[in-house]
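> Given next are the chains, with one letter for each unit.
There are 2 protein chains.
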Amino acid sequence: MRSLPDSANRLIDEFTRLPGIGKKTAQRLAFYIMKSKDYSTNLLSDALIDVKTKVRQCSICNGITEDDPCSICTDSRRDESILCIVEEAHDIYAFERTNSFNGRYHVLGGVLSPLDGIGPDDLYFDALLKRLQENMEIVVATNPSVEGETTSLYLAKILSGFNVKVTRLARGLPVGGNLEYIDEATLIRAMEGRTSI
Amino acid sequence: MRSLPDSANRLIDEFTRLPGIGKKTAQRLAFYIMKSKDYSTNLLSDALIDVKTKVRQCSICNGITEDDPCSICTDSRRDESILCIVEEAHDIYAFERTNSFNGRYHVLGGVLSPLDGIGPDDLYFDALLKRLQENMEIVVATNPSVEGETTSLYLAKILSGFNVKVTRLARGLPVGGNLEYIDEATLIRAMEGRTSI
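Going down the list, the sequences are from chains A and B.
Every position in the first sequence, counted from 1, becomes a number in this note's numbering once 324 is added.
Every position in the second sequence, counted from 1, becomes a number in this note's numbering once 324 is added.
Just so you know, these hints were derived from the structure itself, not from any lab.
Treat the hints with care, since some could be wrong.
The list cannot tell twin chains apart, which means a pair is met if one copy fits it or any two copies do.
[Stated by the list, open to error] The calculated lysine to aspartate or glutamate pairs, modelled on EDC-like cross-linking and capped at a C-alpha distance of 20 Å, are:
(1) LYS378 / ASP330
(2) LYS359 / ASP415
(3) LYS359 / ASP391
(4) LYS481 / ASP445
Work out the full structure: start from the sequences and follow the hints.
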């Protein structure tokens, strides 16, 4: 059997290393690129190099930024007394898209996961403790997964010694959801957290 | 709302231009790349540039190759009397993976599709006619789609004036399929094309 040209195989291998890209998808992308104009491929390779050269981690919140500290940490119009704790930098943009949160963020860099060997020392808990101020509100916005819940409990524990208010995101029905298809755990949380109309 | 860094947005835009990559996937890939080591990203951008510099179209079969003509067209052990007509270069590798076809290929570069403005002049029919030899077998291996079938009928028509045998791939049950879930059109073809055991 004749195999693909070496450079094509190398590109397929590189695509396969990206998350959610399997062998078939990688092949389709590589063939698309081989068919497309030189121009657009150079744009992609330039964009790749560009992002790695320019984007760095914000030294305050650990989010991504081109200028350190990032525009959220330096924005004086933002409320310094509310700090939203997220797992990863991309979670910041989930909140920013809503235009509803005006506080600041702190990226943990992951979640506690003993099975994967990730303990408290691997996350930015120390940096968080340094940012605490009196009477601050800490909104724990880890994912509603087992690891996320564990991390939020750990956070509540280490923050209990400080004079801060610790809250977490509400659990309940997702907007647009259908009661018929909502899982039991969510429904229990929705009933427990019911509010008056 | 604070938006992503410019370079990150540019990378997301470039990923979105690839087939099958939507906004969400592009964001996930971009964040993965911003988190990953410099090393592997350079490998990807190098591979992109490499593939565009080295890979070209074979002047005989229109397949992809680093050396023109390609290794299939120059392989003297391959049967010159059978020519398999495929839509796109990647279809060659679908056959090559089976290790069951020892003839040569001809890539049309697409299918006839009047709605998309693709007519006979846009495909490599002329180049195909130049490759014809007496008593050759032409295996039409276009996709079993409407456009693929149209193209195969057109091929049969223009080849009818030459002393060649024109065949096409069998239609029938896919191996591993289940009669319960096979569509009617396929089942009709499978019944029509039944063979003795």
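> So, for every hint listed, does it hold in this structure?
Consistency of the hints with the structure:
1. In this homomeric assembly, LYS378 and ASP330 come within 20 Å of each other (Cα to Cα) only across copies, at 9 Å, whereas the closest approach inside a single copy is 31 Å.
2. Taking the shortest alpha-carbon separations for LYS359 and ASP415, only the inter-copy value of 14 Å comes in at or below 20 Å, while the best intra-copy value is 35 Å.
3. Taking identical chains as interchangeable, the C-alpha atoms of LYS359 and ASP391 lie at most 20 Å apart only when they sit on different chains, with a minimum of 17 Å there against 37 Å within one chain.
4. For the identical chains of this complex, LYS481 and ASP445 are intra-copy neighbours only, at 15 Å inside a copy versus 72 Å across copies, given an alpha-carbon limit of 20 Å.
This entry satisfies every hint, going by the numbered hints stated previously.
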